[in-house]
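**Student:** Chains as they are written, first to last, in UniProt numbering: chain A, 1 to 268; chain B, 1 to 311.
Rather than coming from a laboratory, the hints here were simulated on the basis of the structure. For clarity, every value in this text was computed on a predicted model and none was experimentally measured. Hints should not be assumed to be uniformly reliable.
FRET-style restraints, in silico, Cβ to Cβ [unchecked claim]:
1) B/T116 x A/P157: 35 to 43 Å
2) A/S149 x B/V71: 48 to 56 Å
3) B/D264 x A/R188: 31 to 39 Å
4) A/R260 x B/P137: 33 to 41 Å
5) A/S149 x B/P137: 46 to 54 Å
6) A/A135 x B/D205: 36 to 44 Å
7) A/V52 x B/K134: 45 to 53 Å
8) B/D129 x A/F187: 52 to 60 Å
9) B/D129 x A/W36: 52 to 60 Å
10) A/V252 x B/G140: 27 to 35 Å
With a Cα cut of at most 20 Å, we get these calculated EDC-like pairs of lysine to aspartate or glutamate [claimed, not checked]:
11) A/K116 x A/E26
12) A/K100 x B/D88
13) A/K116 x B/D73
14) A/K100 x A/E205
15) B/K134 x A/E26
16) A/K100 x B/D73
17) A/K100 x B/E136
Positions of the beta carbon are idealized from the N, C-alpha and C atoms, including for glycine.
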Amino acid sequence: MMTTESTPVTRAADPPRLRPVVAIVERYLTLYRRLWQASVFSSFILPILFLVSIGIGVGGYVGSVEGVDYLSWIVPGVLVSTAFQICVGESTYPVLGDFKWVRAYHAMRAAPVSPKDIVHGHLIYMIFRVELAIAAFLLVVVFFDGLHSPWALATVPICALLTAAVVTPVAAFAASIESDSYFALLFRFVVIPATLFSGVFFPVEQLPAAIRPVAYASPVWHAVELSRAATLGRAPGWPILVHVGYLLLWAVVGLIAARRVFARRLED
Amino acid sequence: MADQSLIFARGLVKRFGDFTAVDGIDLDVAPGEAFGFLGPNGAGKSSTMRMIGCVSRPTAGQLRILGMDPVRDGTRIRARLGVCPQLDNLDPDLSVRENLTTYARYFGVSRAEARTRADELLEFVQLSDRANGKVEPLSGGMKRRLTIARAMVNDPDLVLLDEPTTGLDPQARHLVWERLFRLKQRGTTLVLTTHYMDEAEQLCDRLVVMDGGKIVAEGSPRSLIQNYSTAEVVELRFADGLDSNAQYAAKLDGIGERVDPLPDRVLLYADDGDEAVAEVHRRGLTPASVLVRRSTLEDVFLHLTGRTLVD
């Protein structure tokens, strides 16, 4: 018979705070290594198709917007909206699933992992996922001559900030519901409007003044504004600090909400 | 002694709103013991296990796990527990081995050690040939064995098993029991809940019978049977049973120590079953079937609560 006594497990007496978070990230990365092919289309090929069809196709009719060719103008928009889609996609069904169907969070909770660690691990993994997608996207866009400034590299931290601003409230929402039918509401009334009216495909100034506040409320618009300023190498219309501060506000409030909801759901 | 008990509870209570799931229980589980909670669904077994597993706060009473306070030291306690939950929560998209290595990392086990440990444990639960396979196609019994292996990745001081064989077919159950028995032989402290009396008899040194959130009896399987039942039980089924078992019970009165009419059969508790059967025939009764068997924990439960364990 096999004995397990042969290898006594060494454990640190008191685990440092970071270790369980790293373990959670590792679990997501292991899952991603098995499932990444499925994400290549939606997070890489699809945005390129968007860029080609709308940027070049529609762009041929549009000409230039705000002094640059349409393709260059929508590159940051498509970039941010791709990041946004990945964030929402990975924080809805996968999160509810890990509570309800897979129960992976319950398994983690039985180990020395706190709900906070789970939230942080998921967020770190999401930033990794998003950065991977936008790095590939930026690389391709270089060949379309879609980047006009070395400031384009600033889209990396901008997208990380957007990820924190989106993943945390969406994960909190996913953790607070019992049925996935609520996601239909989220997609219809939040995700689609946020994609259409956040300056991705046209300047929000084109919107009637009454609707513009919808764009201003959307974290996507702020990330698009910052990214557009970066890839075109010009100053954004609003002060950078306002955009960054607004995204940070979403991230902080979202993080607090997610920690609470995860803890409540895993306790009892 | 509280100091030596791995689990020490006094007046432990768990309430959910108005509902009292656990109603003031006392527990002492010593190192190396195989301890069981026997009771029907809703008896409060799982709620108790969740409090012991430090994922549910006690509403009232005292609870110490491994000598620590589960509310304050939950993380440190969980680092030394192995938990096999009632509902499988394996990662279906990870391989069999990855399920173990990933989980080991939650306990801070190094990557290299996690791999060695995973291979040893897969051998222990006889799943080595499935190591690189997916979890999804595994049978219920294999999944349960994998969950048990996962509960062992941190070399725990205390292993909690919530209904370890519920939903498994008889052959798969025996395989799980055999592995758990090995753990027990090695001196691992096992705490399990079950509503199968044969599981409790096979695995537990000592058990408590729970009903309605309370402990109604405690002891070794043998002592519980001695104290609350007779050596043998005669099961009588009558052709026109169903409605008239109560009348038959009246006619059987005085045979053995006790007569218990159930919907489908009448139980006769007697130390000598064959003698009791002879008396049944002497009274001119002709049951359609007669079975003389040893008393089990099921009989203990029936006697204590008036109900059967599995309904």
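**Student:** Looking at the structure, which of the earlier hints fail to hold?
**Tutor:** 3, 6, 7, 8, 9, 10, 14 and 16
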